[in-house]
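Using the sequences plus the hints, can you model the full thing?
Residue numbers for the sequence shown follow the numbering used here, beginning at 5 and rising by one.
Hints were generated in silico from the structure; no laboratory data involved.
Given the structure is predicted, the values throughout are model-derived calculations rather than measurements.
Fair warning: there could be bad hints in the mix.
Lysine-lysine pairs mimicking BS3-like chemistry, simulated, CA-CA at most 30 Å apart [unchecked claim]:
id	residue 1	residue 2
1	Lys203	Lys234
2	Lys109	Lys86
3	Lys63	Lys234
4	Lys234	Lys54
5	Lys86	Lys54
6	Lys128	Lys54
7	Lys208	Lys166
8	Lys63	Lys73
9	Lys54	Lys200
10	Lys109	Lys73
11	Lys86	Lys128
12	Lys73	Lys86
13	Lys166	Lys194
14	Lys212	Lys181
15	Lys211	Lys234
16	Lys194	Lys211
17	Lys211	Lys86
18	Lys63	Lys212
19	Lys212	Lys86
20	Lys86	Lys208
21	Lys128	Lys109
22	Lys208	Lys63
23	Lys54	Lys166
24	Lys200	Lys211
25	Lys181	Lys166
26	Lys166	Lys203
27	Lys211	Lys63
28	Lys212	Lys194
29	Lys54	Lys203
30	Lys200	Lys181
31	Lys212	Lys234
32	Lys166	Lys63
33	Lys208	Lys194
34	Lys128	Lys73
35	Lys109	Lys131
36	Lys208	Lys234
37	Lys142	Lys212
38	Lys166	Lys142
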Amino acid sequence: ITGTNARPSIAPTFGVENMLGTNPLTIGFPTDEEFPFVIDCATSVTQRGKIEAYARLGKDTPAGWVIGKDGQSKTDSAQILKDLVAGTAALTPLGGIGEETGGYKGYGYATVVEVLSAALQDGKFLKDLLGYDADGNKIPYPLGHFFIAIDTEAFLGLETFKRVAGRILRGLRASEKMPGQDRIYTAGEKEWEAWKYRKNRGAKVDKKLQQQIIEVRDEFNLSYHFDFEKR
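Encoded structure:
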């Protein structure tokens, strides 16, 4: 079990100011299958990178992911990126705006990660992670992390744990599926299959991102040639 705090971007439930980071929480454990269970999730509804991807594609951000100073949802992806930098918008916690759809749960989990990332080692937190000093100069992000390991041998042992974990996951995948869906996944399964597929084939990179990669290379006078470039 591990987590890290991050620069402020999430507003607390009933708030509109970016106070908490996306504060991902990761849990992984072995099973008796060929891949482990691994879930690695931000405690916000989404992360900045997803909004950047929407902006590149000219797509709106789904309602409920970002809140403005007026307490209303924002959807213009390009404008959201500017507003996040200006501090006039914030990501919502996992669950969305307010309490009705469970936003308080994501807010609570984000707070847990913030506390464990700072209070165990006297680390920085909240607005101290903005990346600027008192004079407005950029400084490194002094992020905190925590790591928790459970010794299965102190309980029923590793093999028993793996067997029971595998049975639980297989039970979930074998449960009744919603109409139109032919498969239920457990955490880490899609990533495992994607890794097997891409390890010898590579990953897709859209045209706009390809151009950005080329521009960075040229800016630093590197000579590397990418397969997607026209010769």
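So, going through the hints one by one against the coordinates:
Among the hinted pairs, lysine 203 with lysine 234 is consistent with the structure: their alpha-carbon atoms are about 23 Å apart, no more than 30 Å. Pair hint lysine 109 plus lysine 86 holds up; C-alpha atoms about 27 Å apart against a cutoff of 30 Å. The hinted pair formed by lysine 63 and lysine 234 meets the criterion: a straight-line CA distance of about 27 Å does not exceed 30 Å. Distance restraint check for lysine 234 and lysine 54: the Cα-Cα separation of roughly 28 Å lies within the 30 Å cut-off, and the hinted pair is therefore satisfied.
With a CA separation close to 15 Å, the supplied pair lysine 86 and lysine 54 stays within the 30 Å bound. Among the hinted pairs, lysine 128 with lysine 54 is consistent with the structure: their alpha-carbon atoms are about 26 Å apart, no more than 30 Å. In summary, the hint linking lysine 208 to lysine 166 is not supported, as the alpha carbons are separated by about 34 Å, beyond the 30 Å threshold. Straight-line distance between C-alpha atoms of lysine 63 and lysine 73 comes to about 22 Å, which keeps the hinted pair within the 30 Å bound.
Using a Cα cut-off of 30 Å, the hinted pair lysine 54 and lysine 200 holds, with the two alpha carbons roughly 24 Å apart. Pair hint lysine 109 plus lysine 73 holds up; C-alpha atoms about 22 Å apart against a cutoff of 30 Å. The hinted pair formed by lysine 86 and lysine 128 meets the criterion: a straight-line CA distance of about 25 Å does not exceed 30 Å. Between the alpha carbons of lysine 73 and lysine 86 the distance comes to roughly 14 Å, so the proposed pair stays at or under 30 Å and holds.
Using a Cα cut-off of 30 Å, the hinted pair lysine 166 and lysine 194 holds, with the two alpha carbons roughly 19 Å apart. Under the criterion of a C-alpha separation no larger than 30 Å, the hint pairing lysine 212 with lysine 181 is inconsistent with the structure, at around 37 Å. Distance check on the hinted pair: lysine 211 and lysine 234 sit about 12 Å apart at the alpha-carbon level, within 30 Å; holds. Restraint check for lysine 194 and lysine 211: satisfied, since their Cα atoms lie roughly 24 Å apart, inside the 30 Å limit.
Proposed proximity of lysine 211 and lysine 86 is supported: the alpha carbons are some 23 Å apart, at most 30 Å. Among the hinted pairs, lysine 63 with lysine 212 is consistent with the structure: their alpha-carbon atoms are about 14 Å apart, no more than 30 Å. Taking the CA atoms of lysine 212 and lysine 86, the gap is about 19 Å. The hint holds against a cut of 30 Å. Under the criterion of a C-alpha separation no larger than 30 Å, the hint pairing lysine 86 with lysine 208 is consistent with the structure, at around 27 Å.
Between lysine 128 and lysine 109 the CA atoms are separated by roughly 23 Å; this keeps the pair inside 30 Å, and the hint holds. Between lysine 208 and lysine 63 the CA atoms are separated by roughly 19 Å; this keeps the pair inside 30 Å, and the hint holds. For a cut-off of 30 Å, the pair hint linking lysine 54 to lysine 166 is broken: about 34 Å separates their Cα positions. Between lysine 200 and lysine 211 the alpha-carbon distance is near 24 Å, which keeps this suggested pair within the 30 Å criterion.
The suggested pairing of lysine 181 with lysine 166 holds, with an alpha-carbon distance near 25 Å, which does not exceed 30 Å. Note on lysine 166 and lysine 203: the hinted pairing holds, with a Cα-Cα distance of about 26 Å set against a maximum of 30 Å. In summary, the hint linking lysine 211 to lysine 63 is supported, as the alpha carbons are separated by about 15 Å, within the 30 Å threshold. For the given pair, lysine 212 sits about 26 Å from lysine 194 by alpha-carbon distance, which is consistent with the 30 Å threshold.
With a C-alpha separation of about 23 Å, the suggested pair lysine 54 and lysine 203 falls inside the 30 Å cut-off, and the hint holds. Distance check on the hinted pair: lysine 200 and lysine 181 sit about 25 Å apart at the alpha-carbon level, within 30 Å; holds. Simply put, lysine 212 and lysine 234 have alpha-carbon atoms about 14 Å apart, close enough for the 30 Å limit, and the pair holds. For the given pair, lysine 166 sits about 42 Å from lysine 63 by alpha-carbon distance, which is inconsistent with the 30 Å threshold.
Proximity of lysine 208 to lysine 194 is assessed by CA-CA distance (about 16 Å); at most 30 Å being required, the pair is judged to hold. With a C-alpha separation of about 25 Å, the suggested pair lysine 128 and lysine 73 falls inside the 30 Å cut-off, and the hint holds. With a CA separation close to 21 Å, the supplied pair lysine 109 and lysine 131 stays within the 30 Å bound. For the hint pairing lysine 208 with lysine 234, the CA-to-CA distance comes to about 16 Å; that is within 30 Å, so the pair holds.
Between lysine 142 and lysine 212, the direct Cα distance comes to roughly 28 Å. Compliance with the 30 Å bound is thereby established for this hinted pair. A C-alpha spacing of about 46 Å is found between lysine 166 and lysine 142, which places the hinted pair above 30 Å, so the restraint is violated.
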